[in-house]
Each structure stands twice: as structure tokens, then as C-alpha cells.
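Chains as they are written, first to last, in this note's numbering: chain V, 59 to 293; chain E, 88 to 418; chain R, 46 to 292.
Treat the hints with care, since some could be wrong.
Under the rule of at most 25 Å between Cα atoms (straight-line distance), these lysine-lysine pairs were calculated in the DSS-like manner [to be verified]:
hint, chain 1, residue 1, chain 2, residue 2
1, E, Lys302, V, Lys100
2, E, Lys189, E, Lys235
3, V, Lys161, E, Lys235
4, E, Lys375, E, Lys137
Quick caveat, the hints were computed from the structure, so don't treat them as lab data.
As a plain string of letters, each chain reads:
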Amino acid sequence: MNTLPLASFTGAFEFIFAPQDSNVTGGNQVGGFEKSLELVLKHLEVSVIALAIALIVALPLGLYLGHRGRGELFAIGIGTAGRAIPELAVIALVAVLIGVGLKTVAPALAILGIAPILVNTYVGVRQVDPAAVEAARGMGMSELDIMRKVELPLAIPTVMGGVRGAAIVIVATATIAPLAGVETLGDFIINRNVYGENGLLAGAILVALLALAIEGSLALLQRRLTSDGLKLKTV
Amino acid sequence: MRTDKTRWRALLAALAAMALALGIVACGSDSSSTSSESSEEGGSSASAIKSNPENGKVSLTIGSKNFPEQEILGEIYAQALTAAGYKVKSALNLGSETVALKAVKTGQISGYPEYASTALTSFFGLEPEEVPSDANEAWEKANQEFEKEGLQAFEPTPFASANAVGTTTATAKKYGLKTISDLEGVSEKLSLYGSPECRQRIDCLAGLEKLYGLKFKSFTPVDIGLRYTVLEKGQADLSILFTTDPQLSAEKDKFVILEDDKEVFPAGNVIFVTKKAVAEEAGPDYEKTILQVQEGLDLKVVQELDARVELEKETPKQAATAYLESAGYIE
Amino acid sequence: MASPLLLAAAGEVGGDFFRERSSGTLPCQAQSSHLFCWDWAKENIDRYGTPTVQHLEIVLLSVVIGFVFAFALALFAHRRRQLQPPLLAATGILYTIPSIAFFFLLLPITGFGRDTAIIVLAAYTLQIIYRNTILGLANVPASVKDAARGMGLTNRQILWQVELPLAIPEIIAGLRVAVVSTIAIATLVVFINAGGLGTQIYGSGNLTFPTSIVIAMAIVMGMALLFDLVLLTVQRLTTPWRRARQA
């Protein structure tokens with residue numbers, strides 16, 4: 059692997075766009091734009107599904123706990139524990155104990171995303187100005203309405219921070235999903251014997267770009283959702 | 088009231104603690120590359136490996152591909168060469184054959200065990216039917232090709248291994264499957280699971296499609312290590328297995344392989360691939376030790392070794408040592 | 046199919062080399078549906094020693110290196126307001142790139158092995174440590190700084206004797222997150238042949254061996270928790286007058 063780095067990168071870009079001859083016999087070609095696109099979409103697919111599951115589970119729970127002011131230790135503990143879970147172990151355990159394929163991998167990825175969303179939602183809601191909540195209560199809003207219309211919007215920056223953190227972990231773990239039978243961009247990387255070094259580098263580049271694109275979109279979404287009053291405060 | 092000095096001390100203490108932990112860990116650990124265990128030389132058995140002090144000047148790195156059988160072989164060779172007095176490092180679990188071959192060519196490793204059939208089909212582009220079924224013929228053919236690139240392959244092991252299409256006994260019964268040809272007309276309903284490179288390989292899915300004319304309902308790439316798990320979990324109807332797999336004898340009531348009647352999956356004996364220059368520099372004991380120590384590797388022994396690692400979860404190192412000691416190569 | 050050369054001095058394994066096996070009598074560890082095999086674990090626990098040590102080495106090196114860089118960066122950007130957003134963005138980009146991709150992006154330059162692992166893991170810690178240092182410094186009340194200035198301290202003295210000490214709890218909070226995350230992510234360095242506990246999850250035969258995966262996972266999470274608690278204690282010790290802020 060002593061070629062000039064630049065040469066390697068051009069080889070990788072070629073791989074993304076045009077099919078190359080495979081290292082392995084059979085005369086089949088690998089790579090190319092269609093395949094790259096297919097894997098990008100598959101990677102997105104499993105990531106989006108996992109993120110959705112994580113949101114559905116963690117967002118309401120974090121809202122509720124934050125609103126009631128209960129379970130601080132639990133939420134913070136989950137945060138640290140979630141950060142400490144090695145993703146490789148989760149994928150491996152799911153593959154051997156439950157099964158391979160999208161149906162088992164997506165929930166596994168979701169588990170990894172629950173912690174950041176839960177913690178950040180909890181913290182975000184707790185940091186909402188109590189005066190605002192009191193005012194809303196005084197106006198006769200139901201508790202549910204308070205959570206939805208007062209606390210959540212005010213907590214958006216922190217909540218979105220959690221969502222973005224979850225997205226990072228999910229997209230990153232989706233890269234090793236091929237071990238559990240879900241063909242994502244990680245395929246180029248993990249199964250480099252098929253795709254060769256160019257494929258390997260191409261996979262790495264595509265994953266990096268995809269992750270940055272998703273992060274960028276979520277950042278834009280955050281800006282959209284953040285009410286103007288809050289924008290002044292955001293770090 | 089804490090002064091800022093105390094706070095500084097606290098931070099420095101935290102960092103120092105981590106640095107200290109780092110130091111302790113660094114001093115107490117072995118080097119990060121695994122080195123083979125050294126063993127005593129001489130002994131009562133005539134086939135014991137003798138240590139030659141001349142060899143101590145030579146450093147070798149033994150590599151292997153990325154599944155247990157390969158790692159066991161790598162360990163066997165590495166430990167044997169250590170017993171012969173060489174300085175040996177092991178770099179097992181490199182990847183598939185293309186990665187391993189590259190490692191030999193670039194000098195990252197001295198050599199690794201390859202299957203003659205894989206070499207002929209993957210490296211030299213032979214069609215499966217062109218692979219000689221005689222072990223020595225296959226070796227000679229491969230060696231000819233290797234020599235063109237400055238490489239060399241040592242003579243073959245007694246045992247051979249091949250890919251195989253396997254399934255559960257229940258599925259085989261249900262569709263009346265004994266040979267791969269029996270899959271005609273049935274395979275469209277069945278899902279096939281194999282290693283990722285299987286799709287492109289002529290001695291795998293590509294060969295099944297081209298030479299048997301079979302079409303499968305789906306092909307799902309999974310890690311080699313999961314080839315039996317997917318059958319057990321009922322996710323795979325068919326899975327690509329190896330003829331030396333221990334599960335085939337230990338769990339013969341659960342799994343069965345279909346006979347390769349069209350001989351798409353050539354059996355390969357293992358030949359040790361190395362650079363000619365490396366072999367010359369290492370002296371005659373290099374080849375001699377490797378050939379000597381692989382003589383005991385017949386099919387039964389290899390299956391036993393595979394069973395110890397894959398079923399009983401021993402380390403390849405443990406299994407290799409057990410073999411070398413039991414056969415009298417090392418004490 | 047052996048050649049004459051091989052038949053000459055064939056070694057033979059002893060008769061007791063072979064073990065009896067059948068479907069019904071396979072040991073716990075051979076059955077991939079068993080979550081945890083206690084007996085096997087007790088007998089083979091020492092196999093996890095070297096990987097754990099490797100793992101810790103890599104983590105500690107990465108965190109220390111990352112901390113030094115991030116801290117220096119933060120000090121540099123502390124009084125240069127315009128630099129802060131771009132630096133935050135830059136460290137953020139490094140954090141967003143999935144570690145596996147990052148390992149292989151560096152492959153043409155630094156190759157397989159520990160160096161690549163450490164570079165990537167250190168890059169990962171930059172954002173959190175940089176951000177927390179900047180935040181910690183920014184949260185120092187202006188009144189304190191004014192008082193210090195009033196006492197005649199130079200800017201440099203204010204930084205080292207007033208601002209940083211007050212920022213320490215925040216910095217340690219960031220360090221905690223960095224350490225915990227790095228311990229978890231370091232399992233992935235097995236993919237670039239850098240060892241670590243990932244070898245007991247993905248290495249030979251371990252993929253179908255829940256016991257080994259569980260043990261490796263327990264060690265990783267245990268270490269992470271341990272470091273978190275130690276650093277949390279240090280963090281608490283440095284903030285006596287306000288409730289210790291948690292990450």
C-alpha cells in the first residue's frame with residue numbers, strides 16, 4: 059500500500075463512478091455508479107428507520123420525564139451507558155442470537171440511538187424556563203399541551219443536538235451492518251477482498267460524505283425548527 | 088474555600104492518573120504483535136523438530152486468511168518454525184486470498200497457507216474443471232504460475248478442503264436433495280447465504296449459476312463465521328460450507344452437504360506460499376520444517392482441530408500446540 | 046493423495062487426540078444460541094488479558110493526545126472570537142465522520158495498525174474537549190475577571206490563575222464524555238489490525254460465540270463506567286459551591 063495517497067484517491071473516485079474489474083475471478087465487475095448509489099440508499103434506509111424508531115421511543119419518554127422532573131439519575135445514567143456501548147458487540151449479538159437482515163439490524167441500531175435522544179430531551183426540557191411553564195399552566199393549558207407547545211419548542215436546540223448525536227452513531231454503526239447481512243456502504247469496506255483497495259477507499263469516502271450530508275441536513279432542520287427567539291442563544 | 092491551586096492540582100491529578108495508568112499498562116503489556124510460544128527442542132520422538140541456532144538470525148512473519156482453519160494452520164507453521172529456531176511473528180486473520188497474496192508480495196508477511204484450488208482459480212484464472220484433482224498436479228501447476236512472479240509454493244498437505252453447498256437435513260429431505268443438480272427447478276424457491284466474495288467466485292455462486300445453471304430466490308452475503316448460524320435460525324435454505332467443517336461430523340443429524348456432481352467446487356490441498364527470496368534467505372530448514380509438520384494433517388486431524396476451535400472455542404494457538412505435541416513435533 | 050515425499054516420515058497424532066462429539070453432547074460454547082457459558086468463562090477468562098491491555102493503551106494514548114491538542118486549540122481560540130465557530134465546525138466534522146470510514150481514509154497514508162487507530166480516536170475527542178474548554182472559560186463571570194484585573198493581574202495570569210481553574214469542572218466533564226466514547230469506539234480498531242477487545246467479538250470464531258461477545262462488552266462498559274466515576278469524583282471535588290454539572 060505504498061502508492062502515493064493521491065493516486066489511491068483518484069482510483070477510489072474512479073471506482074465510485076465506473077465499474078472495475080474484480081480481484082476475484084468470475085469475470086464480474088464491481089463498483090460503478092449504480093452499485094454505489096444502491097448502497098448509499100440502503101445505508102440511508104436502515105439509518106432512517108433506526109432513527110425513526112429511536113425517536114418514537116426516546117422523545118416522548120424524555121419529554122415526559124423532563125416535564126415531571128423525575129428520573130434524573132435514570133436519564134443521565136442511560137446517557138453514559140449508551141455512550142459506553144460498543145456498537146460492534148451489538149451488531150454481533152443481534153446477528154448470532156436473533157438473526158441477520160434489516161428486520162433485526164434496524165432495531166439494534168435504534169437501541170444505540172435511544173440514549174442520546176433521551177438524555178438530551180430530558181435535559182432540554184428541564185432547562186426550559188419555569189416561568190414560561192407556569193404562565194402556560196396559568197392560561198389553562200393541559201399538561202400534554204404544555205409539553206408539546208411550550209417545552210418541546212423551547213428545548214429544540216438541545217433535543218436536536220441529541221437527534222444529531224443519535225444520527226452519527228446510527229450512521230456509523232450502519233457501516234458494520236454487512237456483518238449482519240444488511241448491505242450498506244460498509245460492504246465496500248468490510249468486504250474489501252471483493253471490491254479491492256479502490257473499493258475500500260471509495261466506501262470510506264462515501265460513508266464520510268453521507269454522514270456529513272446527514273449532519274448538515276439535521277443542522278438545517280434544527281435552524282428551521284428553532285424559534286427566532288431562541289436562535290440568539292444557541293451556541 | 089478551595090483555592091485555584093487545589094483545583095489545578097485536581098486536574099493535574101486526573102491527567103497524571105491517566106498518564107500513570109498508561110505507563111503501567113505500557114510496561115506491563117506484551118508487545119502488540121503476537122509472538123508464538125517457544126518450545127523445547129529435542130525429545131524422544133524421531134519426528135521432533137530440532138532447533139538450529141543458525142536460524143535465529145532470520146525473522147519470519149507467518150500470515151493466514153481470515154477463518155479458523157487458516158488461523159490454525161498459520162499457528163502450526165509459526166510454532167513449528169519457532170521450534171526450529173527462527174524468530175517468528177504471526178499476522179493471522181489478514182483477510183481473503185487477494186489480501187494475503189498481496190501481503191506476501193509486499194513483504195508484509197513471509198508466507199501463508201493457501202489452497203491450491205483457490206490459487207488456481209482466483210489468482211491464475213483457471214476454470215474449476217481445469218483444476219487437477221490430483222494434489223501434486225495441482226501443486227505443480229500452481230507452482231509454475233507462482234514462479235513467474237518470484238514466488239514459490241511448498242508441497243501440499245495430505246488433506247484437502249472444498250466449498251460445498253449445505254443445508255439442513257430437514258430441507259434436504261423435504262426437497263429430496265442429494266446432489267447439487269437436484270436443486271434444478273427447486274432453487275428458485277430457496278435462499279442462498281454465502282460469504283461476500285462468493286457472488287463473484289467461479290468456485291461459488293458464479294459457478295453455481297454458470298455451470299449448474301441454477302437461479303436462487305436470493306443471495307445474502309454474510310460473514311463466513313455465520314454460515315451455520317443462518318441455517319440454524321432458518322433464515323437460509325442453503326449455505327456455503329466447507330468440507331472440513333467440524334459441524335458436518337459433530338452435528339451430522341442437523342446439517343448435510345449436497346454432492347458436487349458437476350465438480351464445480353474443486354478440492355484444494357494446502358500449499359504454503361512464500362517469496363523465493365525469503366525461502367533462500369531463511370535456509371533449508373524453512374521448507375523442511377513446514378513440510379515436516381504438515382505431514383500429520385489428514386482430513387480427520389484437521390476436522391478435529393477445526394472442531395476444537397470452532398465448536399469448543401479454543402484458540403487456534405491452543406489447538407496448534409495440542410497437535411504439534413500430540414504428533415511429537417514439539418515436546 | 047500424498048506424494049512419496051510425504052509418506053516418508055509421517056507424524057501421527059496420538060490416539061487420544063480425537064474427541065467424541067455428537068449433536069446431543071456438544072458443550073455449551075459450541076451452541077450459538079446459548080447467551081452465556083459460565084464454565085467456559087471461568088476457565089478462559091485469562092484470554093481477555095492482553096486484548097484489554099491493548100485496548101487501554103490505545104484509549105489512553107488517544108485521549109491524552111486528543112486532550113493536549115484540543116486544550117491548546119481552545120486556549121488559542123479563547124480570545125479570538127471569530128475563530129471559534131470555524132474551529133468548532135472543523136472539530137465537528139472530524140467527529141461526524143464514522144470511525145471505520147476514517148480508519149480507512151487514512152489507510153493510504155498511515156497504513157494498518159495502532160498509529161492509524163490513535164490518530165482517528167484522538168481526532169474524535171477533539172470536539173467535545175475543545176467545546177467544553179471554550180464553554181468553561183466563557184462561563185467565568187465577568188465580575189471575577191474584572192476583580193482580577195483590578196488586582197493588577199496580566200491577561201496571562203488571569204487565564205492561568207483565574208479562568209482556567211474555574212473552567213476545570215467543565216473541562217473534566219468533557220474529558221469524561223471523551224473517555225467513555227473512546228473506550229467504546231476502540232472496539233472497532235480490530236478492523237485495522239490494531240488489536241483491542243474487538244478481537245474477542247469479531248476475531249476467529251467469536252462471531253458465533255455470544256459468551257465471548259458478552260464478556261468483551263462487559264469489560265468495555267465496565268472500564269468506561271469506572272473511568273467515568275473516577276473522573277466524576279474529580280469533577281465534583283473541583284466544584285464545591287455549585288452542584289456538579291453533569292455532561
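Against the structure, the hints come out as follows:
no.	hint	result
1	E/Lys302 to V/Lys100	24 Å, holds
2	E/Lys189 to E/Lys235	15 Å, holds
3	V/Lys161 to E/Lys235	49 Å, violated
4	E/Lys375 to E/Lys137	11 Å, holds
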